[in-house]
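Let's have the full structure, built from the sequences with the hints guiding it.
Line order of the protein sequences matches chains G and R.
If you read the first sequence in our numbering, its first letter stands for residue 1, the second for the next number, and so on.
If you read the second sequence in our numbering, its first letter stands for residue 1, the second for the next number, and so on.
Please note that the accuracy of each hint is not assured.
[To be verified] Computed list of lysine-lysine pairs in DSBU-like fashion (alpha-carbon distance at most 35 Å, straight line): (1) Lys57/R with Lys56/G; (2) Lys99/G with Lys59/G; (3) Lys57/R with Lys59/G; (4) Lys11/R with Lys99/G; (5) Lys11/R with Lys57/R; (6) Lys11/R with Lys104/G; (7) Lys36/G with Lys70/G; (8) Lys17/R with Lys51/G; (9) Lys70/G with Lys99/G; (10) Lys51/G with Lys57/R; (11) Lys57/R with Lys15/R; (12) Lys15/R with Lys36/G; (13) Lys57/R with Lys99/G; (14) Lys70/G with Lys104/G; (15) Lys104/G with Lys57/R; (16) Lys57/R with Lys17/R; (17) Lys59/G with Lys17/R; (18) Lys17/R with Lys36/G; (19) Lys57/R with Lys70/G; (20) Lys17/R with Lys104/G; (21) Lys51/G with Lys70/G; (22) Lys104/G with Lys59/G; (23) Lys104/G with Lys56/G; (24) Lys57/G with Lys11/R; (25) Lys17/R with Lys99/G; (26) Lys56/G with Lys70/G.
[Said to hold, decoys possible] Counterexamples of contact, computed for chain R against chain G with all Cβ distances above 10 Å: (27) Asn10; (28) Asp18; (29) Asp24; (30) Gly42; (31) Ser53; (32) Leu60; (33) Ser73; (34) Asn102.
Derived by calculation from the structure, the hints in this document are not laboratory data.
For every residue, glycine included, the Cβ atom is placed at its ideal position computed from N, Cα and C.
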Amino acid sequence: GQQVMQIPQYQHVQEGEDFTTYCNSSTTLSNIQWYKQRPGGHPVFLIQLVKSGEVKKQKRLTFQFGEAKKNSSLHITATQTTDVGTYFCAGSSGGSNYKLTFGKGTLLTVNP
Amino acid sequence: GAGVSQSPSNKVTEKGKDVELRCDPISGHTALYWYRQRLGQGLEFLIYFQGNSAPDKSGLPSDRFSAERTGESVSTLTIQRTQQEDSAVYLCASSTGQGIYNEQFFGPGTRLTVL
Numbered sequence: 001g002q003q004v005m006q007i008p009q010y011q012h013v014q015e016g017e018d019f020t021t022y023c024n025s026s027t028t029l030s031n032i033q034w035y036k037q038r039p040g041g042h043p044v045f046l047i048q049l050v051k052s053g054e055v056k057k058q059k060r061l062t063f064q065f066g067e068a069k070k071n072s073s074l075h076i077t078a079t080q081t082t083d084v085g086t087y088f089c090a091g092s093s094g095g096s097n098y099k100l101t102f103g104k105g106t107l108l109t110v111n112p
Numbered sequence: 001g002a003g004v005s006q007s008p009s010n011k012v013t014e015k016g017k018d019v020e021l022r023c024d025p026i027s028g029h030t031a032l033y034w035y036r037q038r039l040g041q042g043l044e045f046l047i048y049f050q051g052n053s054a055p056d057k058s059g060l061p062s063d064r065f066s067a068e069r070t071g072e073s074v075s076t077l078t079i080q081r082t083q084q085e086d087s088a089v090y091l092c093a094s095s096t097g098q099g100i101y102n103e104q105f106f107g108p109g110t111r112l113t114v115l
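Below you can see the structure in the form of structure tokens.
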């Protein structure tokens, strides 16, 4: 079955440093989504990428979808304490846009 | 409603008892999902509904787990003869089930503790 791997598992940064998490799929994806889960909270949708090579920005967050549609990354510039949480990527494939396979997530902690 | 709701928010039960977890999706959302999240872990897919039918039950861990959905709305996840390894947060999500862009909206989850 489809597998989505995410690295690193944990990342601790000083406030103001940059942060990147990477996501790799064992199969070609039709689309990839990113979610953020604050400690004690539930996952909240951030963005969806559909096109090969797509790059989207949300303020300090930059999302990329690889040319082969098998990998993706999330980059945060100049982290803030409000960025703390677990970032999950989730991909769908095989003609279904609805069933997502989630990566295990990257837990980001930020030292003020 | 404004978002996905789940009840109860917390459930403590004794090993061997049955539990029912409820999910109320966003009105009009045809797709509904159940996930399990163990402490500090990722989301484990359990089951997916499109309308009232479940085209994918592949994630249900054992035959002790079942789920149903009625009226293309409320869904219940039932765990029979609970075991301690069933302790986790059970998350429900819904989406429109249409089109290419299909974000999932998550409920707050039910924290299940099996003693």
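Hint by hint, which ones does this structure get wrong, listed from lowest number up? 3, 8, 17, 24, 30 and 34
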